[in-house]
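Trainee: If you read the sequences in order, they're chains A and B. Just so you know, we're using my numbering here: the first sequence kicks off at 667 and counts up by one. Just so you know, we're using my numbering here: the second sequence kicks off at 667 and counts up by one.
Check each hint, because a few of them may be wrong.
If chains are identical, the list can't say which one is meant, so a pair holds when it fits in one copy or spans any two.
As the list claims (entries may be wrong) - Derived EDC-like pairs (lysine to aspartate or glutamate); straight-line CA-CA distance at most 20 Å:
no.	residue 1	residue 2
1	Lys988	Glu977
2	Lys971	Glu885
3	Lys978	Asp717
4	Lys987	Glu977
5	Lys767	Asp961
Don't read these hints as lab results, they were simulated from the structure. Quantities reported herein were computed from a predicted structural model and do not represent experimental measurements.
Protein chains: 2
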Amino acid sequence: MKTIHRATDTLLALLLVAFMAGCATTRDPLPSWNQTASKAAIVEFVGAVTDKNGKDYVEPVERIAVFDNDGTLWSEKPVYFQLLFAIDRIKALAPQHPEWKTTQPFKAVLENDVKALAASGEKGLLQLVMASHAGMTTDEFEQIVKVWLATAKHPRFKRPYTELVYQPMLELLQYLRDNGFKTFIVSGGGVEFMRPFTEEIYGIPPEQVIGSSIKTKFEMRHGKPVLVREPEIFFIDDKAGKPVGIQKFIGRRPIAAFGNSDGDLQMLQWTAAGDGKRFMLLVHHTDAEREWAYDRHSKIGRLDKALDEAEKRGWTVVDMKKDWKGIFAFEKVK
Amino acid sequence: MKTIHRATDTLLALLLVAFMAGCATTRDPLPSWNQTASKAAIVEFVGAVTDKNGKDYVEPVERIAVFDNDGTLWSEKPVYFQLLFAIDRIKALAPQHPEWKTTQPFKAVLENDVKALAASGEKGLLQLVMASHAGMTTDEFEQIVKVWLATAKHPRFKRPYTELVYQPMLELLQYLRDNGFKTFIVSGGGVEFMRPFTEEIYGIPPEQVIGSSIKTKFEMRHGKPVLVREPEIFFIDDKAGKPVGIQKFIGRRPIAAFGNSDGDLQMLQWTAAGDGKRFMLLVHHTDAEREWAYDRHSKIGRLDKALDEAEKRGWTVVDMKKDWKGIFAFEKVK
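Let the sequences and hints guide you as you build the complete structure.
Mentor: In structure tokens, the structure reads:
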């Protein structure tokens, strides 16, 4: 009888587990999304490609989803956070570079002269990036980024930059992974600037982060190998560079792509042009109160041509104000 | 009583499953490896980094293992298989290039003139690679490689090249994955030459294959986006390039590295220099009968400096003749 009792207990435990699993699958996986067309389109797509008996079924190995970072997973205002990092870094290094007091674009940074900084253009920006991002080993750079992320605060929200990530997108990343997707970041930002936080914040490991990068060089220093970051561009993962980066790093065409600006247009086009069911989504920044509102005329994160193409092709355009119940995890959702 | 019977059945089924799982873990995961020091070192390492209560435990996300391809996972004689592909491709394209009949290094290829081909040196080799690997879209190139792999035969073994993979290494790849490792290829070979077969043959998906590559360019052709392969080097993933490639593509230092030649030395040094327990292995080609025997004086796959360093540092050196019961899956293991 003892055996039978134990067996009955096992059965009860199994039933309980099955019941709880049942509950888990009926729980809304996207609670920060309002019940609008955007959410319905996501759920419909995921349902279709994971339905083994459906015509749109996609094998798990082919379920590649790519996400832009700036403006898609976290905010990008007042300017890209990596540029704010570069500015802080220039200021920190200034005592070792007295010549910067009289040389542009460094002078502009040290004097908080936005106009002079803007006037230095792309060339000036590149100089700032190289001075702040090169000249150290990869291990040293990782530490510098980690310290900055742990201490720097966003000027408007007075919080660490890693709190400026969109709660609805975090839920979307998890929802896709729960459905067998492999999630990748494909960003114009620096790959070694992102990797120190993507695993903890997004659940995306370093090997699934694709971004722009500078050259690195293998060297032996006191018998120990190091990789030294050099002041020369290796790869720009933006615009037409995004499909190139996807091919170089993933080697497989995504079936879903998520962006927010014209810099993501080619990535969405490349994703859309594959066979079978596809999903393309743009985050449209429409919420000046809770975040920012900008599109066709913004210098940072301009959304113009891609918005036209999304309308023409029927891609999903998220209206942040209407579609998202909450923007950031730190807000209290009403 | 019916419920109790069903419960008892469930219990029996569970016991059966547990028993079978027990059997599976005691089965030798490396049956093609003889019981030598090499095998013992592998098993000891995997046991140590997966033992949750041991001092050498490594979290699964950090269990990155990198493998060279040519000479480590499949053969590389008489020359790298990709070079044989390039030669076949040049011959196939020759009718469209009458000028090749009188121009080196193409003339040498068309006339099977090994001496003239060797005389054309690295510059000639590069010309052959570009003529055979560039000028088409990535999708077109993938098809060309697939057709070649399906039809070309190795000159000595008269079998498809994908059968020239080492059975002991296939078992090792699977053994590592079964123990929570993520396995990557880090090869000097072309990444888009390898990806069409790595998933099926090695169980390694395209996004875990790192290799050399040429530039690609995003273009719209008749309203459809394509990536066009251009005759210009993008990245050489060999020697000091291997740690650079690992950092660019994986962004995490491996804890285990497997190679066979001086081209793998820096990858093994980079792996060895990390904190905690590490495993470095070189495949030493010592079996002229079943495969090939070569090391310090070979033009292809030279193993000289790396062999010295392995001896000095106590890295594992596989003696193919002694350590491997079988070399290829198609052989009958005695």
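Trainee: Provide an ascending list of the numbers of those earlier hints which the structure does not satisfy.
Mentor: Hint check: 3 and 5 fail, others pass.
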